[in-house]
Structure formats: C-alpha cells, structure tokens
Amino acid sequence: MQSKTSQRDLFTDEQRLFENLCSIEWLRMGFRDVRKNKGAPGIDGVAIPEFESRLDKELAQLKADLESWRYQPSPVRRVEIPKPGGNGIRLLGVPTVRDRVVQATLKRLLEPIFDPLFSEHSYGFRPGRNQRQAVEAAREIVAEGKPYVVDLDLSKFFDRIHHDRLISRLGQTIPDKRILRIIGQTLRSGVMANGLVAPSTEGAVQGGPLSPLLSNIVLDELDKELEQKGLAFCRFADDCNIFVKTPKAAERVMASVSKYIENRLKLVVNQEKSQTALAERVKFLGMTIVGKSLSTRQKFSLKIILLYL
1 MQSKTSQRDL
11 FTDEQRLFEN
21 LCSIEWLRMG
31 FRDVRKNKGA
41 PGIDGVAIPE
51 FESRLDKELA
61 QLKADLESWR
71 YQPSPVRRVE
81 IPKPGGNGIR
91 LLGVPTVRDR
101 VVQATLKRLL
111 EPIFDPLFSE
121 HSYGFRPGRN
131 QRQAVEAARE
141 IVAEGKPYVV
151 DLDLSKFFDR
161 IHHDRLISRL
171 GQTIPDKRIL
181 RIIGQTLRSG
191 VMANGLVAPS
201 TEGAVQGGPL
211 SPLLSNIVLD
221 ELDKELEQKG
231 LAFCRFADDC
241 NIFVKTPKAA
251 ERVMASVSKY
261 IENRLKLVVN
271 QEKSQTALAE
281 RVKFLGMTIV
291 GKSLSTRQKF
301 SLKIILLYL
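First residue of the sequence shown: 1, per this note's numbering; consecutive thereafter.
In short, the hints are calculated from the structure, not lab data.
Being a predicted model, the structure only gives us computed values, none of them experimental.
Hints should not be assumed to be uniformly reliable.
[Stated by the list, open to error] For lysine to aspartate or glutamate, the following EDC-like pairs were computed, each having C-alpha atoms within a straight-line distance of at most 16 Å:
hint: 1; residue 1: 259; residue 2: 151
hint: 2; residue 1: 63; residue 2: 19
hint: 3; residue 1: 245; residue 2: 144
hint: 4; residue 1: 283; residue 2: 120
hint: 5; residue 1: 177; residue 2: 164
hint: 6; residue 1: 259; residue 2: 280
hint: 7; residue 1: 259; residue 2: 153
hint: 8; residue 1: 283; residue 2: 52
hint: 9; residue 1: 156; residue 2: 238
hint: 10; residue 1: 107; residue 2: 25
hint: 11; residue 1: 57; residue 2: 19
hint: 12; residue 1: 36; residue 2: 19
hint: 13; residue 1: 266; residue 2: 153
hint: 14; residue 1: 156; residue 2: 262
hint: 15; residue 1: 107; residue 2: 33
hint: 16; residue 1: 38; residue 2: 19
hint: 17; residue 1: 283; residue 2: 164
hint: 18; residue 1: 224; residue 2: 120
hint: 19; residue 1: 245; residue 2: 140
hint: 20; residue 1: 266; residue 2: 227
hint: 21; residue 1: 177; residue 2: 67
hint: 22; residue 1: 245; residue 2: 280
hint: 23; residue 1: 156; residue 2: 280
hint: 24; residue 1: 283; residue 2: 238
hint: 25; residue 1: 266; residue 2: 136
hint: 26; residue 1: 266; residue 2: 159
hint: 27; residue 1: 224; residue 2: 238
hint: 28; residue 1: 224; residue 2: 67
hint: 29; residue 1: 266; residue 2: 238
[Claimed, not checked] Across the chosen pairs, the derived CB separations fall in these ranges:
hint: 30; residue 1: 167; residue 2: 67; range: 20 to 26 Å
hint: 31; residue 1: 227; residue 2: 155; range: 21 to 27 Å
hint: 32; residue 1: 155; residue 2: 228; range: 36 to 42 Å
hint: 33; residue 1: 194; residue 2: 268; range: 23 to 29 Å
hint: 34; residue 1: 245; residue 2: 120; range: 20 to 26 Å
hint: 35; residue 1: 255; residue 2: 184; range: 31 to 37 Å
hint: 36; residue 1: 230; residue 2: 53; range: 26 to 32 Å
hint: 37; residue 1: 82; residue 2: 155; range: 15 to 21 Å
Every residue, glycine too, gets a C-beta built ideally from N, C-alpha and C.
The task is simple: from the sequences and hints, build the whole structure.
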C-alpha cells in the first residue's frame, strides 16, 4: 500500500509550488494564517469576518483567478504607525484580505525551502527564533573578546528593496517562473494614500505576510558575505551588528561592508545613524550588550521592548 504524501513532502516539492498555490486546501491554510494574525481591511474595505462569511466562494474565485492569470493584486492601503519612544513613524501597507491570503499561502510554500538556507546568525522573522536569542548571541560574542561593534543602520530598507535583484535571487532557488511572476506582481501592486495610487517600482511594503520572508532573502546575501569574511555578527531583520576586537578593525569593517551594501545590494546605509563603538555604548534591539548574562532587570526590560517591536 502506497503511503500518503506527507505535509513536509508537499512543502518541499518545488515542482508543484504553483499547483499548491492554486489549491483550495492550501489557500484555506493561508486564510487561517491571515485570520490568526488579524489586521485591518485593505482598500476594498472588506474585513476578515466578512471575507470568512463567504469563504468557500472567495477561495473558489481566487483559485480560478490564479489558474487563469486573471488574478491581479490590489494596491496596498498606506497607514502610518508611530515608532516606539516617539522616534518618528513607520509606513505600513495593508493589502486586501484576498491578497493577504495569497501572500500567506506563498509564505507557507516558500519558507520551508528558504529558511534552512539562511544563516544561523539571522534571528528575525524566522520560525523558532526571536529577539531574546539574538541579544544572547550578541552577548556571547562580546564575552568571547570582541567588544567593539559595527552598528549598521539601513535607511528605509523595506522601501528600497531592488525588485529585479530580489526576483533574480528567488530564481536561483525557485525554478517555477509562475511563482516568480506572482511575487513580481505583488511587489509592483502599488500604494494608495489619500485616495491616490502611486506605482511601486522598488521596495516590499511592510504589512503583508510575505514581506518579512522576502526581506530575509534579500539580506541573506549580506549574511553570506559576512560569513565569508569570517566576521562575527547578529542580524534581526534590517538591524545588523558586527563585532570585532579593536576600534581600527571596526572602522575598516564599517567602510568595507557599507560599500558592499550600497554597491552590491543597492541599498542605502544611513551614515548618521550607523556607528562604531564599544558594545556597551550601543543598543541592539533596545538592549545594551555587555559580556555577561542578562540581569533580571535587563530580562524584564527586554520583555517590555518585545511587546512594542
């Protein structure tokens, strides 16, 4: 008797990615992820409960539109969210529930393929990894004798992701050009603010289920470069700290890595916010890194910070 295909086999079957995306079963799992994460309506005003009230019909239509290539992602709705501590605002884009279902399904399909390829020094937006692990890893590096930090700040990272480079990077692992086409459509869906739609020629707007995974795919190239150079680092999304032994080494690494980020990745390093300094004078994920275990007070502070990230 032939055994049934396991869910893990489905996850890693790269030849059936598009077929799975068009499957009612997979789209239903995508919707469950959307419902779990909640969120406001997109530009069509349709909330999650309303979408769920006619779920079978919505998913059947979505399946048909995907298979026939009538599916076209809607522009995201631009919203402004204050950053913690009153340090400016964060621009988010809210896709429609229908588009979030497609993105969540894509994430389910792609994450098990890409996540095992990511660096062990990457902690953000990954299953089983969190901010606390990143802070502890940074502390261990400092305790091992690398007290100077290269604190890199990427200016408007999500807004500056280069579409062609991202699709090319995806294509190195995903041979199905249909999936690449859907992701390209999602990236170029546009942004609506004050009733006007602006085209999106670069960037992966924060707020969609797929953006965190895409951001890690972009920055994995940086991780591989740092690993190749033998550098000790911790990265949580676009927050990256590199640890070295001396101030001179820190300045050298800052110059070379900044050049790589801007010339190779086509991103922008914020020179005003980036710095080299002793780790105890720099905050990583809201915490000051010292070469010893976190105190009870620091652990409590970290819990508070995590609530606002």
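The hints, checked one at a time:
no.	hint	in the structure
1	259 <-> 151	holds, 15 Å
2	63 <-> 19	holds, 10 Å
3	245 <-> 144	holds, 10 Å
4	283 <-> 120	violated, 21 Å
5	177 <-> 164	holds, 14 Å
6	259 <-> 280	violated, 26 Å
7	259 <-> 153	holds, 13 Å
8	283 <-> 52	violated, 43 Å
9	156 <-> 238	holds, 10 Å
10	107 <-> 25	holds, 15 Å
11	57 <-> 19	violated, 19 Å
12	36 <-> 19	violated, 24 Å
13	266 <-> 153	holds, 14 Å
14	156 <-> 262	holds, 13 Å
15	107 <-> 33	holds, 10 Å
16	38 <-> 19	violated, 26 Å
17	283 <-> 164	violated, 33 Å
18	224 <-> 120	holds, 10 Å
19	245 <-> 140	holds, 14 Å
20	266 <-> 227	violated, 20 Å
21	177 <-> 67	holds, 14 Å
22	245 <-> 280	holds, 14 Å
23	156 <-> 280	violated, 26 Å
24	283 <-> 238	holds, 14 Å
25	266 <-> 136	violated, 30 Å
26	266 <-> 159	holds, 12 Å
27	224 <-> 238	holds, 15 Å
28	224 <-> 67	violated, 36 Å
29	266 <-> 238	holds, 14 Å
30	167 <-> 67: 20 to 26 Å	holds, 22 Å
31	227 <-> 155: 21 to 27 Å	holds, 24 Å
32	155 <-> 228: 36 to 42 Å	violated, 25 Å
33	194 <-> 268: 23 to 29 Å	holds, 26 Å
34	245 <-> 120: 20 to 26 Å	holds, 21 Å
35	255 <-> 184: 31 to 37 Å	holds, 34 Å
36	230 <-> 53: 26 to 32 Å	violated, 56 Å
37	82 <-> 155: 15 to 21 Å	holds, 19 Å
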